[in-house]
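The listed protein sequences correspond, in order, to chains A and B. Read in order, the letters of the first sequence are residues 1 to 471 in the working numbering. Read in order, the letters of the second sequence are residues 472 to 803 in the working numbering.
Since the hints were made in silico from the structure, they are not lab data. Be careful, since some hints might not be right.
To be verified - Calculated cross-link-like contacts (lysine-lysine; reagent style DSBU-like; alpha-carbon spacing at most 35 Å):
id, chain 1, residue 1, chain 2, residue 2
1, B, Lys795, A, Lys433
2, A, Lys58, A, Lys429
3, A, Lys429, A, Lys354
4, A, Lys307, B, Lys577
5, A, Lys433, A, Lys210
6, A, Lys43, A, Lys245
7, A, Lys404, A, Lys43
8, A, Lys404, B, Lys795
9, B, Lys795, A, Lys347
10, A, Lys307, A, Lys433
11, A, Lys354, B, Lys795
12, A, Lys347, A, Lys216
13, A, Lys216, B, Lys577
14, A, Lys245, A, Lys404
15, B, Lys577, B, Lys795
16, A, Lys216, A, Lys307
17, A, Lys404, A, Lys210
18, B, Lys795, A, Lys307
19, B, Lys795, A, Lys210
20, A, Lys58, A, Lys354
21, A, Lys216, B, Lys795
22, A, Lys245, A, Lys354
23, A, Lys58, A, Lys307
24, A, Lys210, A, Lys58
25, A, Lys43, A, Lys58
26, B, Lys795, A, Lys429
27, A, Lys307, A, Lys43
28, A, Lys245, A, Lys347
29, A, Lys245, B, Lys795
30, A, Lys404, A, Lys354
31, A, Lys404, A, Lys216
32, A, Lys307, A, Lys210
33, A, Lys216, A, Lys43
To be verified - These stretches of chain A come out as covered by chain B in the derived footprint (C-beta under 8 Å, 3 or more residues):
id, stretch
34, 73-84
35, 110-124
36, 167-174
37, 356-362
38, 402-412
Just so it is clear, CB atoms sit at the ideal spot from N, CA and C, and this is done for glycine as well.
This is what each chain is made of:
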Amino acid sequence: MELDAAILSRMQFAFTVSFHILFPSITIGLATAIAIWEGLWLKTRNPVYFQLAKFWIKPFAVTFGMGVVSGIVLSFEFGTNFSGFSEKVGPVLGPLLAYEVLTAFFLEAGFLGVMLFGWQRVSERLHFFATVIVMLGTWLSAFWILSANSWMQTPAGYELVDGRFQASDWWEVVFNPSMPHRVAHMLLAAMLTASFIIIAVSAWHVLRDKTALWAKKSLSMALWGTLVLVPLQIFVGDGHGLNVKEYQPVKLAAIEGIWPEHEQPLPLVLFAWPNMEEERNDYEVAVPHLGSLILTHSLDGGAQGLKSVPPEDRPYVPIVFFSFRVMVGIGFLMLFVSLWALWLRRKNRLYENKPFLTVARWMWPVGSIATLAGWYVTETGRQPWLVEGLVRTMEVASPLPAEKVLWSLSTFVVLYGSLLLAYLYFMRKLLRKGAPSLEALESQLNAPDLPGYAKALVKQVADKPTEGGAR
Amino acid sequence: MEQELALFYFLVLGFGVLMYVILDGFDLGLGVLYPWLDDDSERDTVMRSISHVWDGNETWLVFGGVVLFAAFPTAYAHLLSSLYVPLVLMLFGLILRGVAFEYRFKSVRSRRLWDAAFFGGSTLAAMCQGMVLGAVVQGGDMVGEMFVLHWFTPFTIFTGLSVVAGYALLGSCYLVLKTRGDLLMRAARLGRRLVVVMMVSLVIVSLWMLYSNEWVRTRWLEGLNALYLLPMPVLSAVFGFWLYRALDGNECGARPFWLAVGLFVMGFVGLVAGLFPFLLPHQMTLWELHAPESSLWFTLPGVLIFLPLVLAYTLWGYRIFAGKVEDFEEGY
């Protein structure tokens, strides 16, 4: 394979977007958790909730910063690396991204300052309001981005005029057929990613210090959360699968490893090595009829296979096939951990069971891995199309000299690699410190001329010094 | 109607770019000034004075990008791909300085490294923005289907350095507004020198453009244009002189900052006046490059409703953190 500018641009985009997506998927979930804790603190005045909000706001801020700097890159790359795409599809996708910036990006940025630094400047209600707005901003941002991405997967409401796409019905563009599935799937993925980070960090602290009430609280809350979120995600994922089957049958065939033009009934391929040259699976382990049951909700339903399109219209099957299995495997691992926790809870041993806590503490990266795997399924599964069935990826890259892209790609790899190391290092440092004690929080807020938030806390702690179990 | 809409988006684009230049200008400028600050506590104060706003400021850059993408997709494609190297370098700079905010306060041993990232990243980003600006006002050629801009010329290097100095001036005026004592005095002293640098560069850039670019020369000197455009150089001179006087060390409020902003606005309007109505200078105008009407209409309510809202809460955010940076504030 020759490394021309188009291939290099694709590699660069894949690399920069993979790096970027790690961070928003964490901050969407963490922002939600922090808003819940802050709300509970205002409602119940149990200081544990305040400790949790203050503890998690730091990793949130660091992660948000990484998301911001890596996100700006993406907003430029359409133009720098895919000028043909920008020109053709810009009239449809541009307005969606403009709405994202206007309704979400600015919102997050505008209220983030108050959320992070406003503790001593605004009242507690206003602070809570800022936190909620930041949370809404992260959700809205995901909504617009996924709407734009979904349109590229299942284009609708457009017409082609002189080789350029134009919207004929904006409602259909924004609410295109796969958008609801993708938004729901991604938001749940973000919640799960953050939940398992919270679970892992809390479990680690419980393992080390049995008296860390705040850690027990967050462990318990996050595990209740995943007990609801994981089954919900499986349900949503199933619906998404049916949608892919209907609108992107070739992607589905790659996911399932289906080769014949039409196969009926469908087995469920548990493991195989997709062999693209000979157009079949090697070393296949499959359960007959189960594929039909899952994909068509009947015992002998069929589906279109990869051979129904010429080889140049097929994605690179192994990536799609294996990424899907990684994602689903992690989903079931998450389900297992959540159910295990429920079982331990019934026996009142959730905070004592060492094997469980040890497994839980190592769950921190699984959400991110599953999110990335899911993105690889959806993005590589769409290839060779950038806009499904309409625009080929290789035809819309910028006419750049290959050296330039090679230079930028390698610099991105070095830069992002070092940043990821720095991020992991500082996150580890922050997360190991644990929640600040109430005394520390009190002294931090005990400054002259403070508005409501700080005073309320100081008063609260002074009134009931031991309630909630400060460390 | 299409024509009017296109013009409207051109104005929105200009407004977005101007907001970006002023807002991220002052916080990038603080990065440029970093080596001239003495000790760790001064640097802490400087960082604290912008850590709650830099993210919002940078959003204006993304806003400018998406307005161009949504309303003038062809211009977006041509400009960004022809400015590949300086834009990617600018992104590297913005990344480095952006993470420095987060990691500097959390580090002990690596603090010097993050200081360097903040200074280097800010300066690199400012320099690249100046070079992009220079390349755009200098104009480009159509080579077949491709639009080509020359971003690495003596002129663009000069505009790059001017923007670095200009941002540093904005940064020092911001410090006069946000700090006290020694730091304020130092900022005022630096600011004074930077006003002179900035005024000289403005004159050089203007003459250079008039001398080398026929289109700009015609635009400025033809008929009565010079008379209409006269307020810009005159006001620039007034603002510059006034700013120099204001930065005498006794001023500790917002006046220098607003005067520096005025100077930037004049410089920006002057540039736009020299370019209008080109988006791919001096090849294609905004009338030829705008998106289909359906796209322009769809984005319109978003701009009309949300842009004022954005401005309102941005202003609110600045008001909450108004006044000098306080020592007791520890952040999150």
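Tested hints:
1. Lys795/B with Lys433/A: It holds: about 31 Å lies between the C-alpha atoms, which stays within 35 Å.
2. Lys58/A with Lys429/A: 11 Å, holds
3. Lys429/A with Lys354/A: 23 Å, holds
4. Lys307/A with Lys577/B: 55 Å, violated
5. Lys433/A with Lys210/A: Answer holds: Lys433/A to Lys210/A is near 15 Å, not above 35 Å.
6. Lys43/A with Lys245/A: 46 Å, violated
7. Lys404/A with Lys43/A: 56 Å, violated
8. Lys404/A with Lys795/B: Violated, at about 45 Å.
9. Lys795/B with Lys347/A: 56 Å, violated
10. Lys307/A with Lys433/A: Given pair Lys307/A, Lys433/A is violated - Cα atoms ~55 Å apart, limit 35 Å.
11. Lys354/A with Lys795/B: 51 Å, violated
12. Lys347/A with Lys216/A: 16 Å, holds
13. Lys216/A with Lys577/B: Cα-Cα ~26 Å, so holds.
14. Lys245/A with Lys404/A: Not satisfied, since the Cα-Cα distance of roughly 39 Å exceeds 35 Å.
15. Lys577/B with Lys795/B: 23 Å, holds
16. Lys216/A with Lys307/A: It is violated: about 53 Å lies between the C-alpha atoms, which goes past 35 Å.
17. Lys404/A with Lys210/A: 55 Å, violated
18. Lys795/B with Lys307/A: Since the Cα atoms of Lys795/B and Lys307/A sit roughly 69 Å apart, the hinted pair is violated (cutoff 35 Å).
19. Lys795/B with Lys210/A: Violated, because 44 Å separates the two Cα atoms, which is more than 35 Å.
20. Lys58/A with Lys354/A: 28 Å, holds
21. Lys216/A with Lys795/B: Violated, at about 41 Å.
22. Lys245/A with Lys354/A: Violated - the C-alpha atoms of Lys354/A and Lys245/A are around 43 Å apart, more than 35 Å.
23. Lys58/A with Lys307/A: The hint is violated at about 51 Å.
24. Lys210/A with Lys58/A: 23 Å, holds
25. Lys43/A with Lys58/A: 23 Å, holds
26. Lys795/B with Lys429/A: Holds, at about 31 Å.
27. Lys307/A with Lys43/A: 59 Å, violated
28. Lys245/A with Lys347/A: 43 Å, violated
29. Lys245/A with Lys795/B: Status violated; Cα separation ~60 Å.
30. Lys404/A with Lys354/A: 53 Å, violated
31. Lys404/A with Lys216/A: 52 Å, violated
32. Lys307/A with Lys210/A: The hint is violated at about 58 Å.
33. Lys216/A with Lys43/A: 20 Å, holds
34. 73-84: With 9 residues in contact (Cβ-Cβ under 8 Å with chain B), the coverage given for the stretch 73-84 of chain A holds.
35. 110-124: holds (count 13)
36. 167-174: That given contact holds, which follows from 3 residues of the stretch 167-174 of chain A lying within Cβ reach (below 8 Å) of chain B.
37. 356-362: violated (count 0)
38. 402-412: As far as the stretch 402-412 of chain A goes, the hint holds, because 3 residues have Cβ atoms under 8 Å from chain B.
Figure legend: structure checked against the earlier numbered hints; hints not met, in rising order: 4, 6, 7, 8, 9, 10, 11, 14, 16, 17, 18, 19, 21, 22, 23, 27, 28, 29, 30, 31, 32, 37.
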